[in-house]
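Student: These are the residues of each chain, in order.
Protein chains: 2
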Amino acid sequence: MTVSTTSAVSPVAPPRVATRRSSPLGDAFHVFDTTLRDGAQREGITYSVADKIAVATLLDELGVGFIEGGWPGAMPKDTEFFARAAAGELALTTAKLVAFGATRKAGTRADQDPQVRALLDSGAEVITLVAKSDVRHVERALRTTLSENLAMVGDTVRLLVDHGRRVFLDCEHFFDGYAADRDYGLRVAEAAVSAGADVVVLCDTNGGMLPMGIERVVREVRERGGFRVGIHCQDDTGCAVANTVAAVQAGATHVQCTANGYGERAGNADLFAVVGNLTTKMNLPVLPEGALPEMMRVSHALAELANIAPNTHQAYVGSSAFSHKAGLHASAIKVDPDLYNHLDPTVVGNDMHILITEMAGRASVELKAKELGVDLAGRTDAVGRIVDAVKDREAAGWSYEAADASFELLIRDELAATDAAAAGVEVPPRPFTLESYRVIVENTGGTVSSEATVKVHVGDRRIITTAEGNGPVNALDSALRSAVAERYPELNEVELVDYKVRILAGHAGTDSITRVLVSSSIQGLRGPQEWTTVGVHANVVEASWQALVDALVYVLPSSTGNPVLPT
Amino acid sequence: MTVSTTSAVSPVAPPRVATRRSSPLGDAFHVFDTTLRDGAQREGITYSVADKIAVATLLDELGVGFIEGGWPGAMPKDTEFFARAAAGELALTTAKLVAFGATRKAGTRADQDPQVRALLDSGAEVITLVAKSDVRHVERALRTTLSENLAMVGDTVRLLVDHGRRVFLDCEHFFDGYAADRDYGLRVAEAAVSAGADVVVLCDTNGGMLPMGIERVVREVRERGGFRVGIHCQDDTGCAVANTVAAVQAGATHVQCTANGYGERAGNADLFAVVGNLTTKMNLPVLPEGALPEMMRVSHALAELANIAPNTHQAYVGSSAFSHKAGLHASAIKVDPDLYNHLDPTVVGNDMHILITEMAGRASVELKAKELGVDLAGRTDAVGRIVDAVKDREAAGWSYEAADASFELLIRDELAATDAAAAGVEVPPRPFTLESYRVIVENTGGTVSSEATVKVHVGDRRIITTAEGNGPVNALDSALRSAVAERYPELNEVELVDYKVRILAGHAGTDSITRVLVSSSIQGLRGPQEWTTVGVHANVVEASWQALVDALVYVLPSSTGNPVLPT
Chain A
1 MTVSTTSAVS PVAPPRVATR RSSPLGDAFH VFDTTLRDGA QREGITYSVA DKIAVATLLD
61 ELGVGFIEGG WPGAMPKDTE FFARAAAGEL ALTTAKLVAF GATRKAGTRA DQDPQVRALL
121 DSGAEVITLV AKSDVRHVER ALRTTLSENL AMVGDTVRLL VDHGRRVFLD CEHFFDGYAA
181 DRDYGLRVAE AAVSAGADVV VLCDTNGGML PMGIERVVRE VRERGGFRVG IHCQDDTGCA
241 VANTVAAVQA GATHVQCTAN GYGERAGNAD LFAVVGNLTT KMNLPVLPEG ALPEMMRVSH
301 ALAELANIAP NTHQAYVGSS AFSHKAGLHA SAIKVDPDLY NHLDPTVVGN DMHILITEMA
361 GRASVELKAK ELGVDLAGRT DAVGRIVDAV KDREAAGWSY EAADASFELL IRDELAATDA
421 AAAGVEVPPR PFTLESYRVI VENTGGTVSS EATVKVHVGD RRIITTAEGN GPVNALDSAL
481 RSAVAERYPE LNEVELVDYK VRILAGHAGT DSITRVLVSS SIQGLRGPQE WTTVGVHANV
541 VEASWQALVD ALVYVLPSST GNPVLPT
Chain B
1 MTVSTTSAVS PVAPPRVATR RSSPLGDAFH VFDTTLRDGA QREGITYSVA DKIAVATLLD
61 ELGVGFIEGG WPGAMPKDTE FFARAAAGEL ALTTAKLVAF GATRKAGTRA DQDPQVRALL
121 DSGAEVITLV AKSDVRHVER ALRTTLSENL AMVGDTVRLL VDHGRRVFLD CEHFFDGYAA
181 DRDYGLRVAE AAVSAGADVV VLCDTNGGML PMGIERVVRE VRERGGFRVG IHCQDDTGCA
241 VANTVAAVQA GATHVQCTAN GYGERAGNAD LFAVVGNLTT KMNLPVLPEG ALPEMMRVSH
301 ALAELANIAP NTHQAYVGSS AFSHKAGLHA SAIKVDPDLY NHLDPTVVGN DMHILITEMA
361 GRASVELKAK ELGVDLAGRT DAVGRIVDAV KDREAAGWSY EAADASFELL IRDELAATDA
421 AAAGVEVPPR PFTLESYRVI VENTGGTVSS EATVKVHVGD RRIITTAEGN GPVNALDSAL
481 RSAVAERYPE LNEVELVDYK VRILAGHAGT DSITRVLVSS SIQGLRGPQE WTTVGVHANV
541 VEASWQALVD ALVYVLPSST GNPVLPT
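Residue numbers (the UniProt record's numbering), protein chains in the order written: chain A, 1 to 567; chain B, 1 to 567.
Pulled out of the complex, with its shape left as it was, chain A reads as follows (with noise of 0.2 Å):
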């Protein structure tokens, strides 16, 4: 077994739809999402080129109309992923794959130019073309002359279009250029235009802009241009939602955010928010139906993806979102929520908090048992056991948010105790049982090694292994699982696919709490089947232990069925 090596995360996700589907607006609004591309110019993200296909289908899965994947020719990692998704390992449903890239160089052609071939090379079906057009980047940063920047839009606007591809055209700094010379954006995006170009994005580059302004320039441009007109916005002011649907009141019809507003500096415009805005504030459909409801699990699995903690407190879709802490609207929040909240937090898959506690409790878990495949009705005994176990774990750090499998063990072993409890029987006990193990990391003059040793009983056998890893989680689960691997071999065929480590709340560095993720893999009867636990403790290794614990536990026969290999 390695550890991740070939596919990343994929979160639980609905069945992927065979047709293709789009919004109820089509074409006529886009929601152009760019996380993969300006998102990741975030301090502190780095996808690697699996992050890239699994956010890419998240987003997918969303809704949303276009995803930019990157700068092909520019970024060996993004040329890969371009290949890799022409090569079949991206299957969208609804999105539109787009390539972003720059115009050709000055004093050269279009067709010489080895950044624009990438574009072309890159298999994708949109570009997104950045240009200049504000004056005094053209004359202090790119360096060429007025006339010059606007053929080179032009010239790659055009090789594009004849080649078959649509291209959106990105207005670097364009609010801080109209406001130096009304004229000069409007002739790079005519220039555009008058080549092939479907939409020309206003950028907000500096993020120094306010709504009012926007919605003055964005109006203008609508009037003056009689070109399609998209919005770009950095959030550097606090404003970046603000702007984006301020610009959509004037008339702009392509909004480009990234997910929770990942981005250089202050970040970009919030994808849930503003698709959060313009559906429930603004009655505009931007999503397929019945995507919206879907807006807070694809941002936590994002920023998942992203290994940054969500925000508790974003927008429609924090887990705090519609959490109310004061005690006098308690009592009138029971009555009648919607006085306090400004929307059904359902509608964005959101919940409101003080329900949770109170009574959504037992309606959620069995809900979510329901989705797993498990009927509870009728077990109230054995829900109330479950929501107390749940509440216990979350507030010892535990998160099943991403853990369906280690979910679904704890609701497994919570009907057994039930089960046996009634029945006056011994709870059975699991395939296996750990007596100890010991994990030995040594760096001897630069030579690092790891060796861990198991003692497990199976059955009633007791089984004693050692094996050597690249690392002690690695070595620990080698010896595990060639224990237990004696009695069922059908554990070699399973994989680690993904290792996830994330410190909670660290009070004090190396003494917080560790939580560790573990997705694993089998080939299942139809197709591959991937499942994700968790384990946390204080020390890195139990909890990793734990999760692994899980991972097997989870494909092995039990009294209570087994929900993934065949029997």
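Everything labelled a hint here was simulated from the structure, so no lab data went into it. Treat each hint with caution, since some may be false.
Note: identical chains are not told apart, hence a pair may lie in one copy or across any two.
Lysine-lysine pairs mimicking DSSO-like chemistry, simulated, CA-CA at most 30 Å apart [as the list claims (entries may be wrong)]:
hint	residue 1	residue 2
1	Lys500	Lys281
2	Lys105	Lys77
3	Lys96	Lys77
4	Lys281	Lys455
5	Lys500	Lys77
6	Lys391	Lys500
7	Lys391	Lys77
8	Lys500	Lys105
9	Lys77	Lys455
10	Lys105	Lys281
11	Lys455	Lys105
Treat the numbers as computed from the prediction; the structure is a model and nothing was measured.
Let chain A serve as the given structure and place chain B on it in line with the hints.
Tutor: Same frame as chain A, but now just chain B:
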């Protein structure tokens, strides 16, 4: 040289000014802070009375006009806070202290309502009264008549004004109420104004508004009402800052905000973004002269007091608010920083950061070194070595963008190596070197233990230590620290404040790589200083070891200078 001026919270305050000061706009524009009342509704914030005094002192240093301290009479802690403030524990030089409370209850007399009496007893010169201004809330939540509600407002305001208090009226749910009934909210406002209230604050209590709607309603109310209008926005659409700014553009001259946007659900309008926008974008000098560069310091100190990690991407004051990652931009930024920043970061007490990433070239490395206080001018040989080293390391999984201290060590090591090569001598060794370490993690019958032994050479001494810990990294940290602290006792003062682990997907056929980031802190001459180091290895323990070693080497005296500790 200091470590990343932005990451450290410096409690060092400017000397207290004896004379009262105010903003150039005087009473014509109110910056009203409600961090201590509405901000404290945020999930997770619990201020003690001492915290409240510290928060108010910081806000006063920043120069806000009003500080709402709480709800005396309703919350015992708030009653105590006002009593202690009145007794002299809080000496404000700029702000006025404000008490928050409700109007008299229905069917009672204002002078006999204990909560109204508590407002008078608090000693606060200014009172904010909250009133229902939405018909549905009067009828369904307050359960009284529309006319009794008007009387409650009028009576209470009059009593407070008769006792010499200045009164602001917070109209709860004003915008929803106005959408349903254009007149009732105005009648509530007029009841207050005719009884002597100074400002009518329109509150978007459930946060569901967008800027254009706010702008229109504020403008209409201003035209129809003829009284002074204030604004209070929640962030449920992600537009609280923009909504506040839009209200000011429509004529509001009183803005209610909270530090860092703390507040219930998605939070409130962020004081720092609102003030930044009003001051630098709308030319409204709403703070006293010289106050703006205090914003970043005050924001981070208030985050510390709330025990919430500062939002690194917060507009204006986030440590990444002026960070640039794209290599494309870095060379242009070197020439002309105002082409890419919406504002000179020092205006708000912030700094421009260049992120060192795989996209970095020579320009970024030189800029970054300069930011860290290392002058590489004329060291083209060393710059070339550093760029190569960064590229090699980043290709192997290192990431310096969040690990300034490791990057600085890399610069120092490469400079030392270049100098040594030029002089034909050996490279001077680091303050300590590793012979070996061994870490053992055991789980025996459910009891988990960790033990680490390290053998290091410090100068010409060989030291062996063993330590236990709650996990392998903690044990290793303790053992290393106690080995090296014999010679460098100042290391006992270093605290490990954060520890992050990221698993990087490996290339096909290889195992994954672990990247560890360690943040450490020490009490420096000018307050606490914090730095971050990085380690990368297939083995999480070895990666942690590397980051721990860098963290200690960074503060130790070396031939290339010591950045943190006084010598």
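Student: If a hint holds in the structure, say so; if it does not, say that too.
Tutor: We went through each hint and held it up to the structure:
For the identical chains of this complex, Lys500 and Lys281 are neighbours neither inside a copy (37 Å) nor across copies (39 Å), given an alpha-carbon limit of 30 Å. When the C-alpha separation of Lys105 and Lys77 is checked against a cutoff of 30 Å, the pair qualifies only within one copy, where the shortest distance is 22 Å, while the shortest distance between copies is 65 Å. Proximity of Lys96 and Lys77 under a CA criterion of 30 Å is satisfied intra-copy only: 19 Å inside one chain copy versus 56 Å between copies. With identical chains, the CA atoms of Lys281 and Lys455 are never at most 30 Å apart, being 59 Å at best within one copy and 64 Å at best between copies.
For a Cα distance limit of 30 Å, the shortest separation of Lys500 from Lys77 qualifies both inside one copy, at 21 Å, and across copies, at 24 Å. When the C-alpha separation of Lys391 and Lys500 is checked against a cutoff of 30 Å, the pair qualifies both within a copy, at 22 Å, and between copies, at 25 Å. For the identical chains of this complex, Lys391 and Lys77 are inter-copy neighbours only, at 14 Å across copies versus 42 Å inside a copy, given an alpha-carbon limit of 30 Å. Neither within a single protomer nor between protomers do Lys500 and Lys105 lie at most 30 Å apart by alpha-carbon distance, with minima of 42 Å and 41 Å respectively.
For a Cα distance limit of 30 Å, the shortest separation of Lys77 from Lys455 qualifies neither inside one copy, at 43 Å, nor across copies, at 41 Å. Taking CA atoms no more than 30 Å apart as the test, Lys105 paired with Lys281 passes in neither setting, with 43 Å inside one copy and 35 Å between copies. In this assembly of identical chains, Lys455 and Lys105 lie within 30 Å of each other by CA distance neither inside one copy nor across copies; the values are 65 Å within and 57 Å between.
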